[in-house]
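**Q** Next come the chains, spelled out residue by residue.
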Amino acid sequence: MMEQLKRYFRPEQLRELSLVFLIVLIFLFFGSQIQGYFSPRIFNRVTSDVAIIAVVAIGETLVLLTRNYDLSVGSIVGITAFTVGKQLTNYPDMIPIVALLLAIGLGVAMGLLNGLVIAYGRVPSLVATLGTMAIYRSALVAYPGNKIVVTNDLPEWVLELGRMQLFTIGEFNIRPVVAGGLVMFIIFQLVIAYLPYGRRLYAIGSNPEAARIGGLPSSQIVLVAYIICGAMAGLAGFMFMVRYGDLTVTGALGMEMQVIAAAVVGGVSTNGGSGTMIGALLGALMINLLQQSLLRWLVISDFWVNALLGLLILIAVTIDAVIINRLRDIWTQRGLEIKSVEEKKVVKERESHVA
Amino acid sequence: MLHRLERLKSWEGLLLFILILVILFNAFSTPHYLTVQNQINLFQLHIEKIIVALIMTFIIINAEIDLSVGSVMGLAGCVMAFMFERDVPFVVCLLAGLLTGIVTGAINGFMVSYVGLSSLIVTLAGLIGYRGVAHVLLENRSVGNYPEWFDRLGQQPLIGPFPLAMIIFFVLLIIALVILQWSGAGRYVFVIGNNREVARYSGVNVRRVKMALFIVSGFIAAFAGLLLAARLGSMRGDTAQGTELEAITMAVLGGVSIFGGTGSLFGVLLSILIILNLRNGMGLLNVTGETQTGVIGALLILSVLGPNMWQGVRDTWNRRRRVHRLHVGEDQKGG
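Protein chains in written order, with my numbering: chain A, -2 to 352; chain B, 13 to 347.
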């Protein structure tokens, strides 16, 4: 029975299950504390915010899997949101798809620069993206003209897109932003689970040296990971603009920390080679749910959000180090034992044959 | 070893060259640059960051990182301000601020060295969490009106034209230099950064060294936070945000490897001087603070990218020459 279970469950999945359990617990707790908590309004707000963070977290997870970091995503989201918003204000006739492509294109360009410097310039990713974070943000602040985009100046379709209901389940609406996030999540979960490219990310992250000797084109794979990460941040920038409308040059400041926190709480290792998109999504969901709930909970001030968030990250990684690693050991030990028992059987059979 | 020493030397040579260029450019472009007052201002405006950069050098050489220093600075100041608001004697407030640094440093150090977590994650949690506590304490108030002597220490010159913080920086620099380059403890920091396992098998108490480093880092950060409070005359929940990035930039630009094991305080001092002079020069030319940060970010990347590319070119060239020599050798044998 236990062996059967072990064959179908991995410790990582156990971890994701416990995260789901925790999210339900948070949900029920605040539901009993806050009046009107299960209303469509809060549902919409949480899902839209989660969608933005999750899209960035998807890109970040790809990069984290290869044992690299991208600290510049917050700046990329800010720069794309602001630039696209500004362009739409100046040229209201722009076709929506062009605006979307502009956002993604900007993201790709910035991701490409990151990737080239890191994969081919051999600059440590922490140093490189620390630098580009400052560069991109200062480029945004140096943007000519007035430093603000106002919702009322944006074309009608942007506001429509933010409010539109794609389809409804019961009372709850799914907005286009949320649907976009979900589609991206499903695509990239499949990519890292089944495509050769996705598996190679894990290979590079778990042992870069072995991957290189094994003949994987590491630089190329890491470069593509950064480009996708940039594209995702660009897409998130577009969603950010649609969601908020009013934009300043400090938009999405510090988002990189939130995104990395989401990934880490969801079990993506910063040492590379381990983690899933489901985990990153659950991490983003949990952090956002906590933030939105604390904002509405009147018992303690919402200034507690970040203090609790820090504690949450610490607890998550400690549990990872202490419990999940031990579980993993048990799993592999049992695996080895089974193997050795089977080997013994084979040896015995051979011996009996000889006899 | 000799090769590495050679490279390090040339690295510092490069920094010195850049520094001289920056100083010459500044001196020729603005007449105010070479006044004593401007030279003091140049240090005074970023004095807390460069104090933190000193201890950051130790941490990075030890192959760890401390992202929480900015938040610890803010938290220490906020604890001090929070207690001051409630009419606790001022000296007790200051001590409580320093104690905050020791406690946060001990938490970081314990998680890294005894639980065995990655310092990037632990101090990332600290970066978010300690800042969160600072916001909880002061909410969105700004607390000022400290005793007059405190403000004076932060804002007025103490000995000659030199303010207190600047004197402290140079004293700390000398202490750090002695510890890192000439003492046994400094050797431990390098050895652990080079290869943690080897250090452990050679009988170095790795955990204790790391623990001590993080506690000192927290303490220095808290101290810098209090200096900042004295200089600004008031504290808010978001004071000193982003200091960690500048401190890391200063260390890495100074030639400290982000993977640990190499680096020197002399290089870090040069990079500090470069960054300060660059900022000062740009400030005198009316370049905004954000653009200055961008330029320093570019300098950071180029400082690692440039030597890497140069190394790449040299490698290819050497390989070609070796191949060429091989062919020539075969020809001679054949002939």
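Some hints could be false.
To give a feel for the contact side, a few chain B residues facing chain A, derived at Cβ under 10 angstroms [unchecked claim]: (1) H58; (2) G128; (3) A137; (4) G144; (5) I187; (6) I191; (7) Q193; (8) S195; (9) G196.
If you want the footprint, here are the derived chain B segments under chain A, 3+ residues with CB under 8 angstroms [as the list claims (entries may be wrong)]: (10) 177 to 185; (11) 281 to 292.
The set of hints was computed from the structure by calculation and includes no laboratory data.
Quick reminder that beta carbons are idealized off the backbone N, C-alpha and C, glycines included.
**Q** All hints, please: hold or fail.
**A** Hints and how they fare:
no. : hint       : verdict
1   : H58        : violated (15 angstroms)
2   : G128       : holds (6 angstroms)
3   : A137       : holds (4 angstroms)
4   : G144       : holds (3 angstroms)
5   : I187       : violated (27 angstroms)
6   : I191       : violated (25 angstroms)
7   : Q193       : violated (24 angstroms)
8   : S195       : violated (28 angstroms)
9   : G196       : violated (29 angstroms)
10  : 177 to 185 : violated (count 0)
11  : 281 to 292 : violated (count 0)
Of the numbered hints given earlier, the model fails hints 1, 5, 6, 7, 8, 9, 10 and 11; all others are met.
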